[in-house]
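Residue strings, one per chain:
2 protein chains.
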Amino acid sequence: MNRDTLIVDLYELTMAAGYFEQDYNPLVTFELFIRDLPATRNFLLAAGLEQAVDYLRNLQFSDDQIRYLRELDNFKNISSSFFDYLRDFKFTGNVYALPEGTIVFSNEPIIQIEAPLIEAQIVETFLLSTINFQTMVASKAARVMHAATLDSVQRGVMEFGSRRAHGPQASVLAARAAFLAGFMGTSNVEAGYRFGIPVLGTTAHSWTMAFKSEKEAFERYQNIFGTDATFLIDTYDTVQGVKNAMDVAENFKAVRIDSGDLGEEAKKIRAILDKSGYEQVKIILSSDLNEYKIEKLIRSGTPVDFFGVGTQVAVSLDAPTLQGVYKMVEIEHNGSQLYRAKFSSNKITLPARKQIWRFKDDQGRIHHDVLAFKDEDLSEVAESLLTTYMLSGQIVKKPDSVHEVRKQVQLNLSELPDTLRHLEEKSAYPIQISEKLQQLSTFVKNELAEV
Amino acid sequence: MNRDTLIVDLYELTMAAGYFEQDYNPLVTFELFIRDLPATRNFLLAAGLEQAVDYLRNLQFSDDQIRYLRELDNFKNISSSFFDYLRDFKFTGNVYALPEGTIVFSNEPIIQIEAPLIEAQIVETFLLSTINFQTMVASKAARVMHAATLDSVQRGVMEFGSRRAHGPQASVLAARAAFLAGFMGTSNVEAGYRFGIPVLGTTAHSWTMAFKSEKEAFERYQNIFGTDATFLIDTYDTVQGVKNAMDVAENFKAVRIDSGDLGEEAKKIRAILDKSGYEQVKIILSSDLNEYKIEKLIRSGTPVDFFGVGTQVAVSLDAPTLQGVYKMVEIEHNGSQLYRAKFSSNKITLPARKQIWRFKDDQGRIHHDVLAFKDEDLSEVAESLLTTYMLSGQIVKKPDSVHEVRKQVQLNLSELPDTLRHLEEKSAYPIQISEKLQQLSTFVKNELAEV
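Line order of the protein sequences matches chains B and Z.
Under our numbering, the first sequence is numbered contiguously, ending at residue 522.
Under our numbering, the second sequence is numbered contiguously, ending at residue 522.
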């Protein structure tokens, strides 16, 4: 049984039943895009495609799931042939999408679904929740990485947010999205098991508290983990903590500081370590860190080698939601295409299947995008971003692994203009609408006014 | 294979290995509690226990999971007997917890785990993520319910947040937590399938956009769903929308408005409906609603029967994380109990196994709590809140179903003093520390100072 199948808003299924009962299942195109960027984001990193494609490829309804649906009052007017249809249901559509890790802005399609209306409708909820979440976390993580390497020192950042992620399963996908954006790894073991992401960790305060004294705790830890040991030195007092660590070990990997004024603590502890001949010992800082705090630490010259970042990236704390929507842009009607858009207040959308064309400047920095009708060809001057992943329900291009994506992200981020990379100044990337798309929009608006 | 087992921070497992290698596995007590309430919360509703107990009861490592762990560099110093131990691993401890739906405040244990150190350590991450998330959503949802029924009219609120929840699986648990807190149901079908929660829905704009005109769309919908039909009337223009609905249907259930000035729109549409003899037709409002917006709508006399609330409850948008922590409070040492606490800056904890005693006033409103050492008995004057759910790894009390919890929540919320219920004024509920617990804390602090 596919445990994801029923993760769907009821109305997708009642509308599907409604279309089915009318024998109305034309080809449509839906586009998934983020309406407006959060106030604290100048760009997003598209993420979640691997899970989206997995879902589309494996989507089916079990007998038990169908039995449950049939018994719902909401389907009381629906004939049994709809449930037969669900029993044989497969996604047979085309999927165009941004490769994961692509830099993306508001109103640009991240995924485009061309499929029979019923199929396109049913997959809405899962796609939105998958893409919204991972794109949000990856985008936050890219900012954290930028802060951690502001001074061009390549410091590693570890994802530690599982305990505050929105439930256990969210923690795994948060780890994936953070890694993709450049984190060195995660504490989440399932993310390692499932995606091959490096798993990392130190010790908790409970290790120290499990023994009579901190020194005994460190000694026992050292006995087992040897020179790989990282000591968490702030359970009682960091200065005494680092002395205890040096007392029990002639050589060890790192100390972690998880409370107090991290900048001050790090300077104090670095000085003690260096004075005592422990120059090789690294310093790991954690404790509710985000890009703003990390930027401050780096700018004030804090001696730090690694950061542990948890809650703030796993829930994208300053922007814990993205306004991702999934809108119908075209529908076949008696053999011709109708273009679709919404003009209700504050929720205006652009009609028609689109392609995103990205223009770069002489230095290879991204300069502006043009949102064009899909048939327009700007390939001589720009790069098209939407890529074909599925045709007729079959995968024609496998989404890149999270490792490949992570490499590509480094390149993509290097093409960002400095204005977009700035952590605090809001900067809008220019997105132009092609003349043809503009005309289509006006045409649809006029057409609707006549209805 | 248990897919939850490896949703664990790596350090839980490396520490477990470390304890195992030392042959050190004393009985310990850990407590899970929320450090400080978010600025916008006067109380929390404990939630997630059913999933926590399921996890503890079913926790086991598959061969493949163990193989993965063995190959990690982090375990290179660990003997193979540790992996044999994991192969036979079962949770054998005791679990004391607040029944789901209990009103809880900062520093009060939501779950207390008494178990051999290794077991207690391994379960930390999953328990935190489960309890943090569902408690957060349930607490937000209770505020939304309070706002929706401010004027004592029992309006229903539907959970519509799946698309913005933090990934597909989070959406199911968000729906569960919102229902438990008083929501009437959810659009999330899996939450219905798995927990028997009522599933609800209307239609999307895409239904309207799928047909040549709104009127045709409404007509086709009405053909199938009859008097149960709810029409979404804001795709193009709400006044024309409601007229189209009335044109195609002599009777229908409701209209939904999902954009614009909801208060103004509802008044306008209600007037049109009433004037046209459609007094029985309900109005559903949605569009980024939260408790503050709902309060304003109710106070300004908006004619509304149901609310749909999505993002704001599914991610608890004004407080998208809770500071839940899991701390060792006692450990057995050579046959006697050692009390444990942390005194590092800003992260001070109280030692010892606790019980929460709740005092009520003459009107049955909750008045204050006393955090006491577990052996203290205040049962003559107060009610104890922590309840025994598992002993020696066996369930001795099954957590209540989400339906039972929801009923109990209504009662619990009715016992809140008005100050705590207020949506905008911060109010601190009095929590006293018993003299004995106070003494234990001082004792532990002095003891640590000597180390």
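Derived by calculation from the structure, the hints in this document are not laboratory data.
Idealized CB from N, CA, C, for every residue including glycine.
Check before you lean on any hint, since a few could be wrong.
Unchecked claim - The list that follows gives simulated cross-link-like pairs (lysine-lysine, DSSO-like), each with its CA atoms no further than 27 angstroms apart: (1) 497(B) / 516(B); (2) 324(Z) / 353(B); (3) 283(B) / 445(Z); (4) 324(Z) / 147(B); (5) 147(B) / 353(Z); (6) 507(B) / 147(Z); (7) 324(Z) / 445(B); (8) 445(Z) / 147(B); (9) 147(Z) / 324(B); (10) 283(B) / 516(Z); (11) 286(B) / 147(Z); (12) 367(B) / 497(B).
What the hints assert, rightly or not - Now the stretches of chain B that chain Z is said to cover, found in silico as 3 or more residues with beta-carbon under 8 angstroms: (13) 150 to 157; (14) 197 to 206; (15) 258 to 264; (16) 382 to 391; (17) 426 to 440; (18) 483 to 496.
Status of each hint after checking the structure:
As the CA atoms of residue 497(B) and residue 516(B) are separated by approximately 31 angstroms, the hinted pair breaks the 27 angstroms bound. Taking the CA atoms of residue 324(Z) and residue 353(B), the gap is about 66 angstroms. The hint is violated against a cut of 27 angstroms. Annotation: proposed proximity of residue 283(B) to residue 445(Z) holds, straight-line Cα distance about 23 angstroms (limit 27 angstroms). Simply put, residue 324(Z) and residue 147(B) have alpha-carbon atoms about 15 angstroms apart, close enough for the 27 angstroms limit, and the pair holds.
Taking the CA atoms of residue 147(B) and residue 353(Z), the gap is about 21 angstroms. The hint holds against a cut of 27 angstroms. At roughly 62 angstroms between alpha-carbon atoms, residue 507(B) and residue 147(Z) are farther apart than 27 angstroms, so this suggested pair is violated. Distance restraint check for residue 324(Z) and residue 445(B): the Cα-Cα separation of roughly 41 angstroms exceeds the 27 angstroms cut-off, and the hinted pair is therefore not satisfied. Between the alpha carbons of residue 445(Z) and residue 147(B) the distance comes to roughly 54 angstroms, so the proposed pair goes past 27 angstroms and is violated.
Proximity of residue 147(Z) to residue 324(B) is assessed by CA-CA distance (about 15 angstroms); at most 27 angstroms being required, the pair is judged to hold. Pair hint residue 283(B) plus residue 516(Z) holds up; C-alpha atoms about 13 angstroms apart against a cutoff of 27 angstroms. For the hint linking residue 286(B) to residue 147(Z), the alpha-carbon distance of about 24 angstroms falls within 27 angstroms, and the restraint holds. Annotation: proposed proximity of residue 367(B) to residue 497(B) holds, straight-line Cα distance about 19 angstroms (limit 27 angstroms).
Residues of the stretch 150 to 157 of chain B with a Cβ under 8 angstroms from some Cβ of chain Z number 0, which does not satisfy the need for three, so the listed coverage is violated. Counting residues of the stretch 197 to 206 of chain B whose CB lies closer than 8 angstroms to any CB of chain Z gives 7, so the stated coverage by that chain holds, three being the minimum. For a cut-off of 8 angstroms, the count of residues in the stretch 258 to 264 of chain B with a CB near a CB of chain Z stands at 6, and the three-residue condition holds. Against chain Z, the stretch 382 to 391 of chain B contributes 4 residues with a C-beta closer than 8 angstroms to a partner C-beta. That satisfies the three-residue criterion, and the hint holds.
With a threshold of 8 angstroms between beta carbons, the proposed coverage of the stretch 426 to 440 of chain B by chain Z is violated, since 0 of its residues qualify and at least three are required. Taking a C-beta to C-beta cut-off of 8 angstroms, the stretch 483 to 496 of chain B contributes 0 residues in contact with chain Z, too few for the three needed, and the coverage statement is violated.
The structure fails hints 1, 2, 6, 7, 8, 13, 17 and 18 (numbered hints given earlier, in ascending order).
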